[in-house]
Amino acid sequence: MATAKSTSSKGASKSPSTDLLKLYRDMLLIRRFEEKAGQLYGMGLIGGFCHLYIGQEAVVVGLTAATRPGDSFITSYRDHGHMLAAGMDPKGVMAELTGRVGGYSRGKGGSMHMFSREKGFFGGHGIVAAQVPLGTGLAFGHKYREDGGVCLCFLGDGAVNQGQVYESFNMAALWKLPVIYVIENNRYGMGTSVERASASSTELHRRGDAYGIPGIAVDGMDVLEVEKAGRKWIAHAREGKGPVVLEMKTYRYRGHSMSDPAKYRTKEEVSKVRAEHDPIDTLAKLILEGKAAGEDQLKEIDREVKEICTNASDFAQASPLPEAKELFTDILVGI
Amino acid sequence: MPIQILMPALSPTMTEGKLARWLKAEGDKIKSGDVLAEIETDKATMEMEAADDGILGRILVPGGSEGVKVNTPIGLILAEGEDKSALEAAAAPVAATLPAEPVPVPVPVPAVVSPAPAAPQPQQKAYAGPTKRQTVREALRDAMAEEMRRDPNVFLLGEEVGQYQGAYKVSQGLLDEFGPKRVIDTPITEMGFAGLGVGAAFGGLRPIVEFMTFNFSMQAIDQIVNSASKTLYMSGGQQTCPIVFRGPNGAASRVAAQHSQCYASWYAHCPGMKVVAPWSGMDAKGLLKSAIRDPNPVIFLENEMMYGQSFDVPEDADFTLPIGLARIERAGGDVTITAFSRMVGVALEAAEALAKEGIEAEVINLLSLRPLDSAAIIESVKKTNRLVTVEEGWPFAGIGAEIAALVMDQAFDWLDAPVNRVAGEDVPMPYAANLEKLALPDVPKIVAAAKAVCYRGQK
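One line per chain: the protein sequences are A and B, in this order.
Note that the first sequence covers residues 957 to 1291 in my numbering.
Note that the second sequence covers residues 98 to 556 in my numbering.
Some clues are possibly wrong.
[Stated by the list, open to error] Simulated pairs of lysine-lysine, PhoX-like, Cα-Cα distance not exceeding 25 Å:
| id | chain 1 | residue 1 | chain 2 | residue 2 |
| --- | --- | --- | --- | --- |
| 1 | A | 1262 | B | 128 |
| 2 | B | 166 | B | 115 |
| 3 | A | 1255 | B | 181 |
[Said to hold, decoys possible] Per label pair, the in silico range of CB-to-CB distance:
| id | chain 1 | residue 1 | chain 2 | residue 2 | range |
| --- | --- | --- | --- | --- | --- |
| 4 | B | 185 | A | 1228 | 37 to 45 Å |
| 5 | B | 506 | A | 1260 | 53 to 61 Å |
| 6 | B | 184 | A | 1162 | 52 to 60 Å |
| 7 | B | 98 | A | 1260 | 18 to 26 Å |
| 8 | B | 318 | A | 1266 | 53 to 61 Å |
| 9 | A | 1131 | B | 270 | 20 to 28 Å |
| 10 | B | 509 | A | 1284 | 22 to 30 Å |
| 11 | A | 1148 | B | 502 | 21 to 29 Å |
| 12 | A | 1266 | B | 132 | 40 to 48 Å |
| 13 | B | 142 | A | 1148 | 18 to 26 Å |
| 14 | A | 1148 | B | 514 | 43 to 51 Å |
| 15 | B | 126 | A | 1102 | 24 to 32 Å |
Rather than coming from a laboratory, the hints here were simulated on the basis of the structure.
No experiment lies behind these values; they were computed from the predicted model shown.
Note that CB positions come from ideal geometry on N, CA and C, so glycine has one too.
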């Protein structure tokens, strides 16, 4: 997880097509977007639950960089980062957080429920692990249509103890479905650490062993490591060799949701990860040391990203509430 | 212009809190994400992070302040290069406000259950084309086969649907015709394959998911209700889910409580899907074809006891029955009897028995429970002024309870007697033959209920 590793052996092995500045920008966009969302939540403009992705940016950005158009994405409710990485419009995402008509679900879904078929993003699901059979079904669809697509199905370390995960693993392995199960292990399922929830082992990448599914642990704080693993194993799934479990060892800096007092871990633990393993700082250092770009260029990216988030926030506050008649729309198709 | 730091709400219900202490001092450089202060709510102490870069220009509310209202400016951040003189004008409270409601709050419209009485609705049209004598089982299979020929995105998924030819032989022959790509044997894994089906439907396919019986759908009910039926709404109309969940429902024979239950009211309770329950072979074929073509999730409730019964079934591959319309199976002017699935046949038998006693019953085959053909029920009740509802399911919060409420709402003045419900007894289904019989609606119970609403007691 250390910066030094990335800059030496691992950094050198990056794919020639890796665009470091794009990775930097995409991670920074998620970071700034989430900070802005946290701010709007604090102002009472976002209601209910709001699960921020801060700290985990390298996972979704690195993996998305390894996909191609036509692949599909599905995750649970810590989902804003996945939407932005899939290319969804920050304005539409933020306006959904504020429950406005300009939001992706026209204000009827909220933080946990947004979709963009155009970008291959299939939600945003609020029930822990329910997205795992759903993602397996998306993969089934790729295989059925023979469209060459792969589904990236994200789940947290908290979800891996749900039975339906193993029902899905079994079917995916049995039918060699093109699906990557990305376990985002941020060490805590809400307030319960992996150690307190997992009977036999905290090596969550081995949870597919019984089904013969390859499982790989990846430093999820190093976006280049993530992208490298993504390229290798997405190709594996695309070639018809069946599902893969990628365990991304990552960390969330914020609480489980906005109203989490975080009594289950020490401040020192959080500060240490932030100081030593922050995925954005790590990449910035690598970019500067490798002279891929200068301070000025990074500052310019910073400025651009900030402007996007400010615009998203402005849009999300200016967009009107849905009209009352929307209460009775979208219940059934054609009704 | 300096940026205001506002007192944050740290939970959905927080209105004020204590600003416990500042972790930055005036003049400190601040990076987005830095912890600025600690806030105490009634539940916990939480950290507040900066959302902007700059210099902490001024602290407006000192550490230790209690009862600080959410959205009060508590500090000011100077942007890079900004002068301290900018601070003076900026301390006035400019709190975020929610926009006003766009239009007045609407009068609630109970849109689904009791639509306003409309012009007489069309009934199911009579079919005049060629028919053949078939069992319900064969009619269901033909419906699936015809739709699978028509649309390559339709496929069948479930336990024992392929090589075994169906646990109840409904899918007999389909594997031979369509191959293992489209007739898929699953492991015993209801939640998994139901969710897989929903995901495939999200992706644009049209799955038919067979539950060996609907009792096992309880293993999958989260995927049916939370994933299949709510996603269109939660996505603002973007994400459709064209899927059919089908299989035998209701009382079977001598299998006890876990394998003998009606799920009609469970699923009909939920907005976002359709629930249909055929009785005859024609119903089975016409409704299943419509269900497969429907762009919404459809719960298709079959009945094991009906599989082997024969009816005249339309041969036309384009024949369908629209979902949402009931059919009057027997006309009569003295009492209306509503029923669905196997109970239609029992109600018709009861009607014959009643006719011998001079009571002409009108038997309505509901066919669809959501949407419910309320117009057909109301129209009939306005004619007969009396209503008996029949169902195998439990009475509490059942289909009969819903219909009783509907009739009270829309035809109260036409009723000459309270609505009488005949339902399964309010007990888990017993195994013993005599007890099982007692637990279910039968001809004598329906006859007695009809006579009661006609005020014709036993002599």
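Here is what the structure says about each hint:
{"no.": "1", "hint": "A:1262 / B:128", "in the structure": "holds (13 Å)"}
{"no.": "2", "hint": "B:166 / B:115", "in the structure": "holds (9 Å)"}
{"no.": "3", "hint": "A:1255 / B:181", "in the structure": "holds (24 Å)"}
{"no.": "4", "hint": "B:185 / A:1228: 37 to 45 Å", "in the structure": "holds (40 Å)"}
{"no.": "5", "hint": "B:506 / A:1260: 53 to 61 Å", "in the structure": "holds (58 Å)"}
{"no.": "6", "hint": "B:184 / A:1162: 52 to 60 Å", "in the structure": "holds (57 Å)"}
{"no.": "7", "hint": "B:98 / A:1260: 18 to 26 Å", "in the structure": "holds (21 Å)"}
{"no.": "8", "hint": "B:318 / A:1266: 53 to 61 Å", "in the structure": "violated (44 Å)"}
{"no.": "9", "hint": "A:1131 / B:270: 20 to 28 Å", "in the structure": "holds (23 Å)"}
{"no.": "10", "hint": "B:509 / A:1284: 22 to 30 Å", "in the structure": "holds (25 Å)"}
{"no.": "11", "hint": "A:1148 / B:502: 21 to 29 Å", "in the structure": "violated (44 Å)"}
{"no.": "12", "hint": "A:1266 / B:132: 40 to 48 Å", "in the structure": "violated (22 Å)"}
{"no.": "13", "hint": "B:142 / A:1148: 18 to 26 Å", "in the structure": "holds (21 Å)"}
{"no.": "14", "hint": "A:1148 / B:514: 43 to 51 Å", "in the structure": "violated (58 Å)"}
{"no.": "15", "hint": "B:126 / A:1102: 24 to 32 Å", "in the structure": "violated (56 Å)"}
The structure fails to meet hints 8, 11, 12, 14, 15 from the earlier list, while all remaining hints are met.
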